[in-house]
Structure formats: structure tokens, C-alpha cells
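Keeping the supplied structure of chain A fixed, place chains W and Y upon it in accordance with the hints.
Protein sequences appear in the order of chains A, W and Y. If you use numbering that gives the first Met the number 0, the first sequence corresponds to residues 0 to 296, in order. If you use numbering that gives the first Met the number 0, the second sequence corresponds to residues 0 to 539, in order. If you use numbering that gives the first Met the number 0, the third sequence corresponds to residues 0 to 342, in order.
Among the hints, erroneous ones may be present.
[Said to hold, decoys possible] Restricting the straight-line Cα-Cα distance to at most 30 Å, the calculated cross-link-like pairs of lysine-lysine (DSSO-like) are:
(1) Y/233 with A/186
(2) Y/193 with W/539
(3) W/311 with W/322
(4) Y/123 with Y/252
(5) W/353 with W/322
No lab work stands behind these hints, which were simulated from the structure alone.
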Amino acid sequence: MQRFNLYQEEYHPSPLVNIWLEFRRSHIALSGFVLLVLFLIITVFAPLLAPYSPELQNTNAILLPPSWEPNGTIAHLLGTDGLGRDVFSRLLYACRTTFGSSLVIVAISVFIGVGVGALAGVLSGLRSSIVNHLFDSIMSIPTLLIAIVMVAILGTGLFNAMMAITLALIPQFVHQTRTYVRNELQKDYVLLDRLDGASSRRIFIFSILPGMVELIVVQATIALSVAIIDISALGFLSLGAQEPTIELGASLSLALDVAYVAPWLIILPGMCIFLMILSINVVGEGLRSALRNRLHH
Amino acid sequence: MQHSAFLPPKLICLAMVSVLMFGCGKKQRHDVDAITFCSESNPGSFNPQLDTSSTTADASAHQIYDRLLEFNPTNGLIEPGLASSWLVSEDGLTYTFQLRQGVAFHSTNYFTPMRTLNADDVLFSINRWRDANHPYHDVNGGSYPYFDSLRLDQRLKSVERINGYRVEITLFTPDSSFLANLATDFAVILSAEYASKLMDIGRPADLDRLPIGTGPYKFREFRQNQYIRFERHTDYFLPTSGPQHLMFDITAKSSLRMAKLITGECDAVAFPSQSDLSVIEERTDLTLLEKPGLNIGFWAFNTSKAPFDNPKVRQALALAVDKTSLLDAVYLGQATRAKSLVPSASWAYQSNAKEYGYNPVRARELLDEAGVPYNFAMNVWAMPVQRAYNPNALKMAQLIKSYLSDVGVTVNIVSYDWNIFRENLRLGMHDSVLIGWNADNGDPDNFYRPLLTCSAIPSGTNRAMWCNPQYDALVDQALLTDDFDKRTALYHQANELIFEQMPLVPIAHALQYQAVRSDIYNLKINPFGGIRFDDVERIK
Amino acid sequence: MIKLFIRYLNLIVITIFTLIFLSFLLPFMFPGDLLSNISGIVPQTNEQRLALEHAYKLDQSIFHQFGFYIESLLNGNWGVSLADQATLYNEVRIAFPATLELVCYALVVSIVIGIPVGFMSGLKNHNPIDFSVVTFSMVGYSFPVFWLALIFITIFCLQLEWLPISGRVDLLFDIPVDTGFLIIDIARSSIENKHQAYMDALQHSILPTASVAIVTTALFVRFTRRSIMDVMNKDYIVAAKSRGFTQSQIFFKHGLKNALLPILPILALQISTLITNVMIIETIFSWPGIGRWLIQAIYQQDYPAIRIGMLVVSLFVMSMTITIEFITRAIDPARERAESAAL
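Isolated chain A (complex conformation) (with noise of 0.2 Å):
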């Protein structure tokens, strides 16, 4: 809504305000925002919107089809599984636990990341260039290889497969906030504040974070694609989630069993897993290029 405006003064939109303008131009990208923004709400509110407990097993409807199907019935939306148990029910907590999860996963890595990263870059004496290329180069480890070591050691379950993805994703950010910071400490605006007498701590908090703070939120919804795929495919491999967890890789790799008789089993938490990964991947680009734009115009 345009408010009355007396002045005849140019309307300046902040830099934030400026990219959702930017973001909302694009319908590919606001549709990827919507869907992420349902994922969202279904993980916030998963018990309530479930119609049934995803653990009560039926044993007298076995491998229901879903509702559309000729013989179906419409008081389990997407079909049973092989224990009776609601398929949209359990299908509502898995994508909770897979989303749910991986977004407490890059939370703690851009914390962890951006924290190691802004001492790193500001404190000069760390600055020993093999250190940096030892790190970056072990940042090349494929996280399932780290994913696989921590099971051995720990053993399987969702909160072993949640560290050792966290592990992985951490360096990234470091690497990140690292070069910028870095970048960021030769410019005038930052000696300015030096001369005015602020701490390390004090210019990095008030005046590189916030400038920051684009960059990282891009970086993060990459990181947000990697661990979805991650802890549904440690899933899948019976290596993360562990029954009566239900999550989206987990539940597909169950679904294996009865592939042949119930093909949407396969179908729906791989169709979630991707879903997910697209939406994200969809906002981040139109992030970015909304990005992009702004510091075009």
C-alpha cells in the first residue's frame, strides 16, 4: 500500500526491503518461496496437521493405495504402509525430521563457521598459509566419508549423522567470512572506526556482519541443498536415521520392500526430498540474482 506522501521526495527502499522487491519479480522464484515457506509450516506443525499418529499400525488395511486409486479409501489420503500405518500421516513427520533437522544443521554450522572464520580473519597470527590450505583441502572429504567414520565410531542414528554433517558444512562457512572479513578489514570504513578508538570484536560485530549477512544467507541455502540430500541419503542408507525416527531417505529405503506391490511408497518421500532440494535451489538462485540486480541498478 502506498501511503500518502507530502513530500515529493524519491521513495529509498533499504537494501533488504530493495531484494525482496527485486526477489518477488521473478514468479519461478516466489513459487520456490512458497513451497519452502509450506515445507516450513509442515515442520513447525507436523503433529496437528497429521490426520493420524504415524506410528498406530492397522494390521486390517495393509498397503492401501492412495485415495484416487480404484480401491482406496479416502480416510487414508496417501494409502497405507505394510504395517497399516498412514502413509500422509507419516509421510508430514518425515519431511519434519529430514527438514527439520537440516536446518539445525546449517543454523549451528553458520554460527560455528562464521565465528572460527571472523577470528581467523581478524586475528592475524593464524594467518600461516598452510594451516588455511590444510583446512580447505580437508574440506574436500566427502561428508558421506565423514558421515561413515562417525557411524563406525559412534554408531547409526539421526544425531551421529546430524554431527558428522555439520562437521562437513562448517569449513565453507569459515573459508567464507575468512576471505571477506579479510577483504573487508583494508577498507577505509573500517580504519575509520579503528581510529575512533573500536575493538576487533566491536568492528566485526557492528560494521562487517551486517554486510555480511547476504552473503552467508546465499552460502546457507546452499548449505541447506547439501544437508537435505545428505541426511536423506545417510537415511537411505540405513546409516542416519534409525527406526521409529521417520525420515524422507529412511522411509524410502523401507519402502524397497514392497516396491513392486506399492510403487507410490517409493514415489512420495522421493518426490518430497526433491521438492525440498528444488525449492531451495529455486530461492537461492532468485537470491542471488536479486542480488546480482540490485547492485546493477
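Just chains W and Y now, with coordinates in the frame of chain A:
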């Protein structure tokens, strides 16, 4: 905009499609004379003496080895094997076996036999498990679960060589199941010559890893989790019509086995999943073989652990689970309800055996009486492989879990690699386990003795770790006579004892299935153990 | 140049040393008996235990143990697997080439398709072809590989029955493992129907390759497109255009090289993603590579195997990464280091 020098996308797509087509077309089989069987797990070794797992038996018993006697797979009667004839003395204590002459052992790239089968090989094969001081007794673990669980080593007084082709075995007491035991998968005949050669070069452990036998196929290669390769034994002493090459494709997931059967990568698969049975029956290129199995699937409690040492707790747990729904959901109706140990195909079957119904209220009362607190946590071990007697233990465990949560018992489901799983079971690390037993011979003793007698605890077939002198006495007594009525009465008494004590909850006797491609001929379900390929053919 | 080389050599040596040290520590963290975790042998008697402890220098200081570990790694004496007593060196020697083979197939397909398509769509910026390429690549790289593989299996193996599901080549072909690379092994084997074997191997490789390559191709398309778009907006291109050069002249003279150079290292760095995906795909298609082998080792709690498998794969990925970085630096010393995050 001008045209760039690149291929238009259409052309690229076309190229991709043509690459795809190049590799496609209905799969044609090659001219290699071979049959591929998709098995479910890795064999523990290539010697069934060491192991009661049917995976090991499948991979070795009827492929690599022969026994003195054989079961006829159709009617279960005992037939000559490596022994062309045998004699039993009047008192039933002395058995004399006349061996076939000119039976050749396998000649492979790791061993060339210098002689054919003789009495020494029989003596070696029996003494290995019988005599604790035998140089080979302790090789590869020193445990012979089948013979140990039957205490067979203590029932043999002597095994003697009369001449090169005649062996005499003397027992301490008459044993009506003795001949049947010699015909089981486990009583294989190894090569004494090979064993002594291995001992000389200091690699005795290879005896069970690089096997030499007299069977229709010789061992070529084994890769863990991948395949086992066999080759036809051209000098086999019986005429056979089997293929030149036999492959076991190790495929753990039943869904993948089913998929490979459809694509023709497998000619036969082990343990098709219950839910796929209807699919197999519908398809014309696949054939489903079925046969009532001599087996039992059960839920055993570890009676050596508190609170499962208390019969009340065990009864309560049996009462808390609705068997009918287990049968419906796990076996999809392809099984009969088990009341005691033996199935109706056996003469010792008791149609009026007592069993517990579903009564969660009474179950909770019993738990309270036994002092089991609310939210008591126990684990249910679910075997990771499919068996006829329990096609999906994991699913059954989940059903049990939900039933037990109704009576205030929390269940943790435990399941991992089959070989480690059985080893840990043998050590008694479980609270309870979903497993079962497949008969190795038609005698009811083959159910009652290995499953619940005291001597079967260390050998790892008594999953309940239950030891009851009264029960052992009944089972021993039943062997002393050949009178079916007397034996039946004794086994019914044993059933009563099992009902009262509930060391295990009998669940189902399932039908046995085998899925094959329709061009595979002569593959029969062997109710007494391992699969056999000696006469299996592909019709062109 | 020499200075750079020494620096990177230094880095490689330190990385290898760190990884070996980490893998040396692993058995101490694994559950169970330390001796079995290291040796892969469960001692039956006390004497055997003492003998093994002595052989593995467990009765000496930790430095001796580490020294012994490095020594046996170099000797190819990698111990045996807990599950089946197989020699780990042999197992890895057979499994690793299978993985490399699949990685190569996927990489070749991705490069051959991804880079040209990326250029094309970048040059024809914002027309319908570009739009559809962008859409497809976005969809392509959002696929979880394991799900894609399952869908492929359902369509091409179970419905159409065109392609086989599992393994590298039908078991009927008795091809002895020699180099581990199937193409070479078939050529060196003595089987009669080599042509059939090659066809069969090709059929087996189509689906695994496609499953991995779709994701990687999508990534390559996006990188290339972005890069060529950036280059074509540069002043020197605009200048060239204003002088009347044709589009293709400009592209081949200036665009191609300048667009390819910055992305090559980025593409090469995708090797880590690629290997992860290949490892997952291997378990689905029963491809006998190192990924499947490692995951089976986890299921079987085979700690000696996990340790060696880990070490080999991470060493490979790291040395690849460092080498690629070195080459990029050597070709173009002025450039900022490749930012793996720049999608």
C-alpha cells in the same frame, strides 16, 4: 543472433538416445551354459559342519559335498549316498557302511587329488567333530553346532575302518534318528588327503574356505557380498544334467532379488518376499514353487536373563501379542498358526496343543505380579535375513513393539549383519529374538532337541537359553524307542511343558517358496535343508 | 614456479601425513577390542594375543606403533578384514578401480554434454532455449541421486526390461580381475566372446553413469553458462563486437578460453560431490566399488576395512584437489583461488 558452431540440442538428444538404444534391446542370454541363483547372504564358511545357518548349507551342502546317505527330496526317505549300502546290527548299536568305489574328489587350481574316496575320508570327517583331540577339531572355531546340540559326539562309541571301503560306527545307546542325522546337510564328507596337505603347508584354516568335496559342483571363487562361482565337477559319480557353471549372486534385499528375477539376471531367487508372491504368480515368465515347510518361526526369550527367567513374565509377553495379526501382516496368510514346535506334516503334531490367546489385561496383571515396572524396556532382536519361517522379522518386531507398548513395555528393535547377529545371539546378548528353525530331517527330535535342550545352549541353537532337566529327560526318552505312539505321547508331554514355561512363543509354520524363471527346469524345494542344483536345467 | 611447486608438494606431504595420523587414531576410537580393530584377527588364545600384540608393537610406545603403521602402509601390508579375513590391500586394489571407472564415465559424459550446452545457453542468453536449459539444469541438480537411480530402475529395468540392474558385467563372463579396470581386464582375459562382454559391460554401465551424470551435468551447465555470460559482458568483448567481429570469431578467439579457464578448477573440485554420489549409486546398482565395499564394512562392523577404505578415498580426493589447484595456479598465477562456493 548468429548461429554458433555448436550442435543444436535436438542433435544432442538424438545422440543420447542412440547411445541408449545401442546398449538396449531385449536382453539376450549368451551361449554360456550357466545358472544364476540369487542368494540372500554370505555363507559363514564352505563347510556346513561349522554352521547351522541355511545360507551356509545352501552354498555348500549339496553343491560341493555328498553325504553317506541322502534324503529323497520328494518323499523324505533315506537313500544311498556315498555309502552304497548299510547294515544295522540286531541290537541297533552297530552300523556298517559300504562305500562306493571310484568316487573322485574335485580337482581345482589349489588342489589335485591323488586318490579317490575311501574310508579314511569318512573317518576324518566324523572324527573332526567327534574327537576333541583331533588336530582339525579346533581349526576355524572348534564348534560344530548341529552335532553339539544333539550331543552326537557323546553318543558315538567308535568309528572304525574295516577296510578301505567299509566303515563301522558303534553307538552307546540305540538312536532311532541316527541314520537321519547322517543324511542331514551337516554330515558332509571332506577329503582327508586335502586336509593333511593343508596341515603340512601350515594353512589348515583353508579347509573350510577353499573347499574340496565330491559333490556335483566344485568351488571356483567367492567374493564377500558379491558372488560365489561354482563349476561342474565332470567326474561326478552320478549322472547329472546340471549346468556347466553355477553362480550364486549374493543379494541381501528381497526387493532387489525380485527385480533381478524379472530382468533375468537371476534364474532363481531365495526367499521371495510374501508381498511379491502374487506378482510372480501373475507373470508368465516366472514360476512360483511352493511346498508346506517343515519349519517353525518363533519368538524366543532369553531365559538366562532377568526378568525373563520368570515364567510369568514370559507368559505375560505371550499373552500381550495377537498372533493372528502377525500371521496376517507378516505372512499375508501364507502360513499356519503354530501351537507347539512341530508342524502338521509331522507325525508328532498335536492338534489340540494348548496355546495362549490374546489377552493384554491378563498380561499386565501377570507383569505386575512378577514385579515388572511400567515402561520396562526390553529389546527384540529381529533377524536381518528372510527365511520361510519368518519372511520379515523386522516388520514382526514392529508389530510386537506396538502390542507391548499397550501393556507398558517399551521395545527396542535390534538388527544387524547376519553373521555377527548369530554370534551375539550365541553369546546370549539378546532379551528376546524373532527367529526360527527349518528341519534338517523329518524326525520330530530335530525340532525338540536343538531348539530347547540344555546341550543346545553352547552350540547356539537354543535361542531361549532354556535348560529344563524334565524336558531333556522327555526328549531323550523319546529316542530310545521306535514306537511312534510312545514317542508321540512323550512329545505331547514336552508340548505341555513348553506351554507352561513358555521359553518361546511358537508363531507360524510357513509354506516354503522358491521363485524361478519359467525356463528353469527341475529345481525342487528341498524340505530338509539346502537347495540342490545337480539336475537343474534350462530348457531352450 | 619452483617455489610454488615446493609449496604445494609441502602441502601434499603434510596433508597425507595428517590423514595417516588421523586414520592411525581411528582404531582407538572404534568400539570393541583394540587389537582386533587393528589386526582384523580375533585371538583365540592368550599366547596368540600376546604374539599379535608384539607383532603390531602394541606393547611398545605410541610412537613405535605409529612408525610401524606407516611402515606397513608403505609395504602394502594393510592387514586383513574382520569379516572374512580377506587381504585389505587386494580388496581395495580391486574395488577402487571400479569406482574410478564409474567416476570417469560420469565425468566424461558431464563434460561432453555439460560444457557445450552451458556455452550454448550462455550465448543465447534469455531466449527460450536458454530458459529451458536453465530449468532443466535446475531440476537436474535438485535430484537426490538415489531416488533418480530407483526411478531409472523402475522404468528401464522393471517396466521396459531393457537394461540389467546390478554389477559391472554379467557373472556369466568369467573375467579375472587384473588391473581392476574392466575395459582393460576384458581385453586381457582369455574369454571367447569379448565383443559380447563389452556390450554387456556397456549395458551395465548405462544406468549408474546416467544417475550420477545427470546431477553433475546440470552443475557443469550452470557453471559454464554463468562463466560465459560474465565473459561476454566484459569490455574487451564489447570492444571486439564494436569492431565488427562476428559472434563466432569473438567466441572462439576470446570467449572460449577466458570462460573455460576460471571454471575448470571449479568443475574439477566437483570430484568430491561426484565420488559421494558414486558411492551411493554403487550400493543401489551393486557396483563392486569402494563405496559399496565401505558401506558393507559398516554393516558388518569391519573396523580394519573401514580404516583403510577411509584413508584411501580421502587421500585420493585430497591429492586430486591439491594437484588441480596447483595446476590452475601454475597456468594462471594471477588468479584468485577458485571459490568452490561460486555456483
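For each hint, the structure was consulted:
1. Under the criterion of a C-alpha separation no larger than 30 Å, the hint pairing residue 233 of chain Y with residue 186 of chain A is consistent with the structure, at around 26 Å.
2. For the hint linking residue 193 of chain Y to residue 539 of chain W, the alpha-carbon distance of about 23 Å falls within 30 Å, and the restraint holds.
3. Of the pairs offered as hints, the one joining residue 311 of chain W and residue 322 of chain W holds, with about 19 Å between alpha carbons and a cut-off of 30 Å not exceeded.
4. For the proposed pair residue 123 of chain Y and residue 252 of chain Y, the alpha carbon gap of about 18 Å is at most 30 Å, so the pair holds.
5. With a CA separation close to 14 Å, the supplied pair residue 353 of chain W and residue 322 of chain W stays within the 30 Å bound.
In this structure, none of the earlier numbered hints is contradicted; all agree with it.
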